[in-house]
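Residue numbers (the numbering used here), protein chains in the order written: chain L, 820 to 1204; chain E, 820 to 1204; chain U, 64 to 447; chain D, 64 to 447.
Heads up, simulated BS3-like pairs for lysine-lysine below, C-alpha to C-alpha not over 25 Å straight-line:
| # | chain 1 | residue 1 | chain 2 | residue 2 |
| --- | --- | --- | --- | --- |
| 1 | E | 1080 | D | 243 |
| 2 | U | 243 | L | 1080 |
| 3 | E | 1080 | D | 244 |
| 4 | U | 301 | U | 243 |
| 5 | E | 1080 | D | 301 |
| 6 | U | 86 | U | 103 |
Covered stretches of chain D (in silico footprint by chain E; criterion: 3 or more residues with CB under 8 Å from a CB of chain E, positions within the stretch not fixed):
| # | stretch |
| --- | --- |
| 7 | 197-211 |
| 8 | 255-267 |
| 9 | 332-338 |
| 10 | 394-405 |
| 11 | 418-429 |
| 12 | 433-447 |
Simulated from the structure, these hints should not be mistaken for lab results.
In this text, a Cβ means the ideal position worked out from N, Cα and C, and glycines have one as well.
The chain contents come next:
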Amino acid sequence: MDFTHDDEQKALAEAVRGLLARTYGSYEDRRRTVKDEPGYDEKLWTGLAEMGVLGLPFSEADGGMGAGPIESALVAEELGRVIAPEPFLTSVVLAGGLVAALGTDAQRAETLGALSEGELLLAPALAEPGRGWTAEARDVVATGSGDAWTLEGVKEPVPHGATAGRLVVTAALPDGGTGVFLVEGDADGVTRTGYATHDGGRAAQVRLSGASATLLGDGTTDAAAAVARVVDETRVVACHQALGAMTVALESTTEYLRSRKQFGVPLATFQALTFRAADMYVSLELARSLAQWAAMVLGAASTGSADADPADAARRAALGTSRAARHVGQEAIQLHGGIAMTAEYHVGNYVSHLTALDHLLGDGHHHLRALAADVGGHAEVDPLP
Amino acid sequence: MDFTHDDEQKALAEAVRGLLARTYGSYEDRRRTVKDEPGYDEKLWTGLAEMGVLGLPFSEADGGMGAGPIESALVAEELGRVIAPEPFLTSVVLAGGLVAALGTDAQRAETLGALSEGELLLAPALAEPGRGWTAEARDVVATGSGDAWTLEGVKEPVPHGATAGRLVVTAALPDGGTGVFLVEGDADGVTRTGYATHDGGRAAQVRLSGASATLLGDGTTDAAAAVARVVDETRVVACHQALGAMTVALESTTEYLRSRKQFGVPLATFQALTFRAADMYVSLELARSLAQWAAMVLGAASTGSADADPADAARRAALGTSRAARHVGQEAIQLHGGIAMTAEYHVGNYVSHLTALDHLLGDGHHHLRALAADVGGHAEVDPLP
Amino acid sequence: MQLELSEQDAAFRAEMREFFTTKIPQEIRDVVASRGELSKDDIVTSQRILNAEGLAVPHWPAEWGGRDWTPLRRHIWHEEMQRACVPLPLAFNASMVGPVIAQFGTQEQKERFLPATANLDIWWSQGFSEPDAGSDLASLRTTAVRDGDDWIVNGQKTWTTLGQHGDWIFMLVRTDPEAKKQRGISFLLIDMTSPGVEVRPIELIDGGHEVNEVWFSDVRVPAENLVGEENHGWDYAKFLLGNERVGVAPVGATKRVLAQAKEWAGDTLADDPLLAARVAELENELLALELTALRVVAHSADGKPHPASSVLKLKGTELQQAVSELVVDLAGPASLASGAGDDSTLPQWTRRATPAYLNLRKASIYGGSNEIQRQIIARTILGL
Amino acid sequence: MQLELSEQDAAFRAEMREFFTTKIPQEIRDVVASRGELSKDDIVTSQRILNAEGLAVPHWPAEWGGRDWTPLRRHIWHEEMQRACVPLPLAFNASMVGPVIAQFGTQEQKERFLPATANLDIWWSQGFSEPDAGSDLASLRTTAVRDGDDWIVNGQKTWTTLGQHGDWIFMLVRTDPEAKKQRGISFLLIDMTSPGVEVRPIELIDGGHEVNEVWFSDVRVPAENLVGEENHGWDYAKFLLGNERVGVAPVGATKRVLAQAKEWAGDTLADDPLLAARVAELENELLALELTALRVVAHSADGKPHPASSVLKLKGTELQQAVSELVVDLAGPASLASGAGDDSTLPQWTRRATPAYLNLRKASIYGGSNEIQRQIIARTILGL
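One chain only, chain L, in its complex shape (with noise of 0.2 Å):
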C-alpha cells in the first residue's frame, strides 16, 4: 500500500496546474469566464487537449493516453482548486467513459478521438426530471433496432447539453433494461434549452421527440451495470475535483483568519475560530485519504484485481467527500464572514462548487443509505484487499 504519486504523476499535476494558472491567475478570470457563453475558455480546452489531458483515460486505440483513474484524479484535483468550469469530468470522465465502456471499436475510435483532440464535446444525459440519481433510464424511451433508433423524452438537468456536439443518452429498452446512445447535438427531434447552474457551469433541458439516435455496442443487452460502474468512476473523480476546492477554501480561511483585523487583533487570536479551522483541516484530510483509496481502489479493479470492489469504494469516498465538502464549506463561509456572501469574493463560489458537485452524482445521504443497507454483510471493512 502506498500513498504517494509517482514522478510522472506529479508532472502530470504541475503540467495542468500551470495550464490552468494561465487561464485562471486570479479568480476574476474565472468569474468573467462563466459570465460569457459557453461557460469556459475554448482555447485553454484545446489547450488541454494538446497536453492530453481530454484523452487521458481512454485507450491508445481509441485516440487516448492509456491512463488510470488516479490520473484522471490528480487532473480533477487541479481544476477543483481554482474550481475550473471546463467540463473534463462531464465530458471526457463521464460521457466520454461510457463511449469507452460500451462502444463499438469503431464508436470508440470516432468519437473518444474527436473528444481527446478537443474537436467534439460530449454531454451525459441521465437524470430525468422528477427522479433521483440512478444508472437506469425509465421516461426516455428509445424505439427501434439495430441501426434505426429514434428516443422520446425528455432529460434534465444535462450538463453543457445545450452546446455540446453529441449527447449520449441512456434511455429504456423495448425489452426492458436501459441502453445507451449517441444523439447528435443538432439532430431533428432535439430541443436543447441550456442555462447556468449555480457554480457558473452550464446545463440544458433535453427534450427528445423522435430524435434519431445511435446504440452504443453491438446489442441490445442492458447497459445499467456499465452506466453504474462509468458513474462509479466518475464519482471518485468527483471526490478530487471537490478535494482541490476544499483545500483552497481552507487554505483562503486561514489566510484570511491570518489577515483579517478585528476589535484591532488578527481574527486568528481568536481560538473559537482557530479551533474551528482545525476541524475543518481535520475533515479534510479524512476525505482526502478515502478519495485517494478509492482512486487506488478503481485502479485495481481496472487491472484486474478480484477484490477490489469499486462501487463500494466510490459510495465510501463519495460519503466521506459530502460530508467534508458540507462541513469545510459552510465553515469557510461562517469564518470569512460577510465577504464570503459575494460574488465577487471567491470561497463563496467554491462553496457552490462543491454543493454542485455533492447533488450532480448521488449525494452523501444516498450513499449513506446504500451503505446502510449493506452494513451486516461484513463484519469489518478492511482497505487492504
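Use these hints to put chains E, U and D onto chain L, whose structure you have.
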C-alpha cells in the same frame, strides 16, 4: 399558554430543595450514601413522605395529595440537581403510577397509602433480559385466574428490586396481552439478586418461580396501553430529573472555567471553551422548553383535554433530553478535564446518572425511530392543542 | 403552568389567521411560498394592507399605531404571518428605526417620520456596517462633521440590504473622532436622494442583488436629522439591536418550509427511514425552538432584551440553514438547475433550492453573527 | 500509488495474524474481547511472549530489540495485535521511557534498563502530570534538589495510570526553580520502592482503579538516574510525546468493538435502518481514519512526528467514544446493570457497556487533550 409556576408550585420546589440540602449538602454526602445499603437515605425518604412528596401524584382517596404531573416534575428536577438516589421516579411515579392506573379501589388504597407514608417501597419490574424498552411482557408468564396467580420468569434490571417490599410486575397473560401484578418481595418463589448501578442507584435480578401474585384490577384485559401511558408519564418526569442534573453540570462547568487557571490565566480566557459552554446552555434551554411543555401536555391530558397527546409529547421531550444530556454531559467532563473523571468530584457522576436516566425507559434513538415512523402523519408540529 | 391558549388568545389567533389568509393577495403569498423574490411593490402592498388594519407596527407606542398587545399576542401575530406566507413588515422600518424614533426622536421627527414609516411610504435602509466594521461595529469610520446647520457626511457603508429601494437611511456616524470607540458615534437620518449618496449593488453568491454598498461624499444633512443626543448613537444602536424579543428566530417560516419539504418529498418520506428521521429530528428541534420563543416572550415584560434571545437567534438560524440544506438534498440532481427558466420540466422548488441554501448562509453572519451570539450567552448569561 | 500490500508485506501480515491468534493465551484475549479488566499478570505474560519473539519493541534501535521495520510493517503489527485482542505492550515501557533511554541514556542506563523494560521485568509508571500541571505541563512544581550524589525529590504527581503496579517511575522534575517554565526541568528515573514514595489510588467514575496520585517526600534518588542533561528534560518529554507515529489512534481496537457491536445487535441491525446507518457512518469514518494512519506512517521517514498525528489522536478518540456510546444504546435497559455479577441473566457486554463508555471519556483528555491537538493543528499545520 403559560410557562410560569404558581406560588404553590414554587413553594413545593423550595421545600423539597431545602429538605434535600439537609441530607446532600455536599456531594460527599451523596457519595457516602450510595456506598451503603439500601443505596439511599431512609431518613430523607421518611422526610419526603412527611412532606407528602411520596403521595404527590395519587388521589386523596388513595392516600395521596392529588397533585398533577407538573408537581412530580418539579420534585424530580430538585432530586436531579443533587442527583439524589431516592427512588421517587421508579417507586412513586412508575410503580405507584401503575398501581394508581390499574388497581382496584382496595388495591390502590392499600398499596399507595403505604407507599405515600414511606412504609412500603415499590419496585417496577418491567425489563426482561434480551429485550429493549417495551410495555409488553413476553418472557415473564402469568398462570392462573381470579385471586390465584403465579408468575414464572426473570425480570432484570429491576430498580431497587432487592429491597422493595412489593414488586409491580408485568407478565404475559394466558390469553394474550399484558397484565400487571403485585408480588410480595419476600414471597416464596421470588429470588432477588441486588447490585449497584453505575450511577450509584440500585437494581436487581428478580427470578420468579411460581411466585404467587395479585393481578391489578378486576379482570384480565390487556393492560399494555395503560402501562405505556404510565411509562410516558414517567419519561416526562425523568426528563425533569435530567434537567436538574444538567443545570448543575453546566453551573459547575462555568464555575470551573472561571476559577481554574491554566497557562497562567483562568480557563474562561479561552474562547474555544466559553463558546462551548454557550452551546451547552443552548442545548439545556431547548430541552427545558420541551420538558416543561410535555409536563403541561400531561397535565392537560390528565384533566381530560382531548387534543393533548401525552405519548407524542413524552417522546419529543425524551428525544430532546437525550440529545441535550449527552451533549451537556460529555462537554461538562471535557471542559473540566481530568478532575471530572474522578469519582470524588461530582460532575462525572452527574454524567453517569444522566446516562442511566437516558437508558431507563428508552433513549433518544428509540424515540426518534417512533417519531420518524409518524412523520408523514402531520403537516407540522403545533405545540398548542 | 398552562398549555392551552386562553379563549381570548385562541380567538385572536383565529382572527389573525383569517386576516392573513384572506386579505393579503394570494399572488404575493405564492411568491413567499415558492421561495421566490418579492418585488418592492409586493412588500409595500402587503405592509400597507397590514397597516390599514393596525397590524404593521403593533409593538410601537399606541400613539403611533401600537396595540399594547401581550408578548404572547405579538408572538402569535408574528408566527401566523409567517405561516400564511405574508411578507413581514419591513424590519428596517417596523423593528429598527421606528422604535428608535418613537423612543428617542423629537416630536417633529415623530410626526414627520413615524406614520410614513409604518405605512412604508418611506423605505428605510440601514447604514451600520462598514468594510472594517462588521462584528466589531464600534470601529466604524464614516464621519459627520458639523458645518453650520448641517452635518457633512463622508464614508462608506456596506451590507445595506435592499438599499436599492431605499428612500432614507438611518446611520451610525462618527461625530467625535477623538472619543473612544463607542463614544463619539451619533445616529443620523439621511435622505438617500441627497447629492453625494451613491448606492452600488453587491452581487451575492446566489446570484441575487440583495445588499449594497452605500457611499457618502460630502453629503449635507440638516442638523435636525440627528436622533437623540450627539455622540450617544451607540446607546440607540444597542436599543435598536436589543429591542426585538419577538421574531428573533424565524420559527414560523422555517416550520413552513419544512412542512413544504415533506410534501415535496412525497412517497420518499415513507420509503426512506433515514430521511424520515432527519425530518423528525428537525421537527423536534423546531418545536423546542418555538417553545423557547414562547418562554422568552413570557419573560420580556421588564422591557429589557431577554438574554435568551441569543439562543433563539443562534439555534433559529442553524435550523433555518439545516432545513434549506434538506431541501437541496430532496431536489437531488435537479438542484443544479438553478438557472433554468419556468419552461423547465423541473419543479420550481427544486430550482430555487440551492440559491436559497446559499443565500441563507448569511443568516448566521448578518445581524450579529452566531459567534457574537455565543459571546453574549457566555458573558451575559454564564458570566464567563 | 498502489492499493495492494506487497507480497512480502502480505506474508508479514499473515505471520503476525497467525502468531497473535495462536501464541497469546486465549483467556487473556478473551478478557480484552469482553472489555474486561486485565490483571497485571495478563499484561506481563502477554508482553513476555511478544518479547521472546521480538514483537514487543520492534520500533526500538535494533541493538536493543528493534526490528528496523518499515512504518507500514509497524502499522500492520500494531493493527493485528488489536484485531486479535492481544494486550498491547505496556506503553510506558515500550513507547515512552524505552525510546528516551535508548536515545538519550548512558550506556550504563541502557544496559541496566532496556532489556528489563522490553520484557516488562520492570513495570514503568509515568510521573508527568500534577494537580496544577495537566495540559499546561510546563508549570509542574515537583522539585529535585541536588544533595551530594543524590537528588532529593518532593512533590506530587497525579493521573499515574496503573501506578499501583509500578516498579519504577520516570519523572519530570524541576531542577532549576529560577529558570523559565520549560527550562529547568529534568528527566529522572525513580525506584518506586524508595522511602518517601507513596501511591494513593484515585477512583474513577466507572468505579475502576486505574489511576493514582504519587507523592514524594524527601525521596533520595541517585544522581546516575538522571537521563540526559540536567535541565533538558523538556526536550526529552517532547521527544517522548511526539515519538509515536504508529498507533496514535486506536483504530484496530475501535474497529474490533464496532464489529462486535454488530454481532451484539443481531437482528436489530437488519430491522432498524437508523441503527444500520449509524453503524455505516462510523465504519466509514473509521475507514477514513485507518487510511489516514496509513498515509501518515508512509511519511514519517524523517524521524519527526508528522503533524497529522494530531488528526489521528483527535478523530481516533472521538470515534472510540462514539462506538462506546453506540454499545450503551445497543445494551438498552440492560446498560444500567453495570454492577451485576456473572450470575446475571444479562450478557456481559451489556453490563460492561456503560463503565466502558464512562471510562473512555478520558480518551479525549489524557495524553494531550483534544483541545491541545486542535491547537497543534491550528499552529503547526495551519500557521494560525
